[in-house]
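Engineer: Sequence:
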Amino acid sequence: MIECILPKIYLFECQRCGVHIYSDRSYTQGCGCFFCGERLIPILELSQIPQELKEKNWREVSWITRVWLFLKRLM
-9 MIECILPKIY LFECQRCGVH IYSDRSYTQG CGCFFCGERL IPILELSQIP QELKEKNWRE
51 VSWITRVWLF LKRLM
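Residue -9 is where the sequence shown starts when you use this note's numbering, and the numbers rise one by one after that.
Just so you know, the hints here were simulated from the structure itself, not pulled from any lab data. Just to be clear, a hint being listed does not mean it is correct.
As the list claims (entries may be wrong) - Just the calculated beta-carbon pair ranges, DEER-fashion:
| # | residue 1 | residue 2 | range |
| --- | --- | --- | --- |
| 1 | Leu64 | Arg6 | 30 to 38 Å |
| 2 | Lys62 | Pro32 | 15 to 23 Å |
| 3 | Gln5 | Leu64 | 30 to 38 Å |
| 4 | Gly8 | Leu64 | 27 to 35 Å |
Here the structure is a predicted model, which is why all the values come from computation and not from measurement. Yeah, the Cβ is synthetic: ideal placement off N, Cα and C, and Gly gets one too.
Take the sequences, apply the hints, and build the full model.
Structural biologist: Take a look at the structure:
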């Protein structure tokens, strides 16, 4: 499950396209949506997100984010 990847994961949402993005950073200064470049707004820390929403969002997360989280896990 995603909780094993990093101890602190945060869920962000793009203001323009509504895509959910996971990050190990609790802030979004200097980064934006992978798709449209719009500002990301923090939703919750992963430990605060209900299990059903985690599973739903993980199925919808982009392959770029999945690869990035996997590489962070290897470091």
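Engineer: Indicate, hint by hint, whether the structure satisfies it.
Structural biologist: How the hints compare with the structure:
1. Leu64 x Arg6: 30 to 38 Å: 31 Å, holds
2. Lys62 x Pro32: 15 to 23 Å: Given about 18 Å between the Cβ atoms, the range holds.
3. Gln5 x Leu64: 30 to 38 Å: 31 Å, holds
4. Gly8 x Leu64: 27 to 35 Å: 30 Å, holds
In terms of the numbered hints stated before, the structure departs from none.
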